[in-house]
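Colleague: Residues per chain, in single letters:
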Amino acid sequence: MQDCELQPWLERMIQGDGDAFRRIYDLTKDDIYRLLVFLLNDKEDAGDVMSEVYLSLHRSLSGYRTEQPFRKWLNGIAVRQASNWKRKLWRRMRLFERVSAAADSPQGRQLAEERALARESSLELLALVDRLPYKLKEVVVLRHYREYSLEEIAETLNIPIGTVKSRHHSAIGKLRQWIGQDMFLEEAAVHAD
Amino acid sequence: MRIEENITVAYREEAAKISVPALADRRTKARIERLLKAKQRRSAALSRRAVKWALAGSLALLVMGFTVQYFVRIGDDRFSLEMSFTDQIRFDENTASIVREQLQTVKNQLAVGEKALVYSREIESLFPDYRSKDLYYAEYVSNPYLFTDNGQWKERLADLVPQLALPDMEEGGFVFVSGKDELALGGIVTEMDVAKRLQAEVTEKGTALAWEKITRNETSFPAYTSSYKDAGGNELSFTVQLTAEGSKFVGLTQAQPEKLKLSNGREALYSYNDKVLYSDTNRYVSLSWIDAQTDTPVLYMLGSSSPSITKEQLIDIAESAVIQVMKEKPAA
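Residue numbers (the numbering used here), protein chains in the order written: chain V, 14 to 206; chain L, 18 to 349.
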């Protein structure tokens, strides 16, 4: 999805056209959802935060300048909303509600099993990325999923480029260390057999 | 492969498997619908929490999507005014004169206090890029009630705008003509649904001119304009507009706006435009400045379509209002 494909709808959305807002949502929702899944490592959380992203988009339109690439600007909103979500107390309340509703129900048990299976099938490398502290993980997601430059990450997260570099360096270092440990443990298991 | 490349490949593979689950999609869509409905109910397209792009100045259209070569901005986060330069308007004097006649014809059919939006083939020819971009546009016309008693008008303004600082017009040889509750050159177009309808009537059904009365229950940014004339018949308008904190007004001009400093470092925007649809002389000079020291920032605008009104005259008149404010409170 290129910005030029969004442009005609974008202009109408800024004018206050509801249909254009719906269209922009349809054109960008999967992309935003994927980013949120990688940031939050939870599909249900990502679903909850997604609606916050689009409500925030609606509120923030006055701050948007047309010379900015729209997708990058929207990604910035998504990253901020994901950070808010991790901080907010109501996240815990929503989780509590969700757990209460699902508890003891056959569907609840099935959901837990599905999640376990999903984790098992997810790539081990991404599972290691999920173990990183959130501040390091968001840099990794933007750098290697969105393929942003370090400057673009600094702009999106509103932090100095030196901080981006150091977080990225630290994240890759930790991943290398963990991968090394895993390989060592695997090898140890083979030798034990 | 390096670990960095491995991560990128892993993300690509995983991303291809992920799409929004139906439940999350339904939930988000429902929240968006509630938001859009609430916005519709509020009716004011330019509300405090919603999009606050509005236009001040001569052309009441939204600038989004057009090539803006540069802009000049005054104000801060509380309130700002931008004048954006554009060359996307195909202005020609003949067409402008026809459009003025069309607007006058519609105005003659309006009762006092009524407003309307107008669209015609000539209007479209002035803004050809609008339709190609699937944007909506219409001209605003009104027949406002005119207050002709200067004393009564001043009292009314003082009630409506407590922090009002009036310039000393008499010193410049100007006498009061009338006051009205709108911007000097009319109003801004916020009824995009009406504009869309009128545009469709002209472009799809082939009607030469389409217009529709509009009603506004509330005014997002109320404006009050006092009109004056000097002995030489030169007219000058002074507009005071109440804004909302956090708003940004964008003025579109074909002239090159210029930032100036008034007394005590207060910033002002001067603009000279000789392609103004609403001015019989095609010319319009304006000077705008902001008083953002109260909860409701106030935008002041001096403007004239008379060829002999100079920038220096506008600055002198503006200074008389700024000095009045400075006596009461120092500039930020």
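Honestly, the hints are just simulated from the structure, not real lab data.
Treat each hint with caution, since some may be false.
Each computed EDC-like pair below joins lysine to aspartate or glutamate, with the alpha-carbon atoms no more than 16 Å apart [stated by the list, open to error]: (1) V:Lys85 / V:Glu137; (2) L:Lys46 / V:Glu137; (3) V:Lys56 / L:Glu31; (4) L:Lys276 / L:Glu336; (5) L:Lys46 / V:Glu65; (6) L:Lys34 / V:Asp44; (7) V:Lys150 / L:Glu284; (8) V:Lys178 / V:Glu137; (9) V:Lys56 / L:Asp42; (10) L:Lys46 / V:Asp32; (11) V:Lys178 / V:Glu165; (12) V:Lys178 / V:Glu168; (13) L:Lys46 / V:Glu168; (14) L:Lys34 / V:Glu65; (15) L:Lys54 / V:Glu168; (16) L:Lys328 / L:Asp297.
Colleague: Would the pair Lys276 of chain L and Glu336 of chain L pass a check requiring their Cα atoms to be no farther apart than 16 Å?
Modeller: Holds, at roughly 15 Å.
Colleague: Would the pair Lys46 of chain L and Glu168 of chain V pass a check requiring their Cα atoms to be no farther apart than 16 Å?
Modeller: violated (29 Å)
Colleague: Below or equal to 16 Å on CA atoms is what counts here, so check Lys56 of chain V against Glu31 of chain L.
Modeller: holds (13 Å)
Colleague: Quick one, are Lys178 of chain V and Glu165 of chain V close enough, alpha carbons at most 16 Å?
Modeller: holds (12 Å)
Colleague: For the pair we were handed, Lys46 of chain L and Glu65 of chain V, check the Cα-Cα distance against 16 Å.
Modeller: With a Cα-Cα distance of about 11 Å, the restraint between Lys46 of chain L and Glu65 of chain V holds, given a limit of 16 Å.
Colleague: Are Lys328 of chain L and Asp297 of chain L close enough, with their CA atoms no more than 16 Å apart?
Modeller: Status violated; Cα separation ~19 Å.
Colleague: Are the Cα positions of Lys85 of chain V and Glu137 of chain V separated by 16 Å at most?
Modeller: With a Cα-Cα distance of about 28 Å, the restraint between Lys85 of chain V and Glu137 of chain V is violated, given a limit of 16 Å.
Colleague: Quick one, are Lys46 of chain L and Glu137 of chain V close enough, alpha carbons at most 16 Å?
Modeller: Violated, at about 33 Å.
Colleague: Hint check: Lys150 of chain V vs Glu284 of chain L, CA-CA at most 16 Å. Holds or violated?
Modeller: violated (45 Å)
Colleague: Does Asp42 of chain L sit within 16 Å of Lys56 of chain V, going by the straight-line distance between their CA atoms?
Modeller: Answer holds: Lys56 of chain V to Asp42 of chain L is near 12 Å, not above 16 Å.
Colleague: Within 16 Å, alpha carbon to alpha carbon, are Lys34 of chain L and Asp44 of chain V?
Modeller: Holds - the C-alpha atoms of Asp44 of chain V and Lys34 of chain L are around 12 Å apart, at most 16 Å.
Colleague: Lys178 of chain V and Glu137 of chain V were given as a pair; does the straight-line alpha-carbon distance stay at or below 16 Å?
Modeller: violated (24 Å)
In summary, the structure is inconsistent with hints 1, 2, 7, 8, 13, 14, 15 and 16 from the numbered list given earlier, while agreeing with the others.
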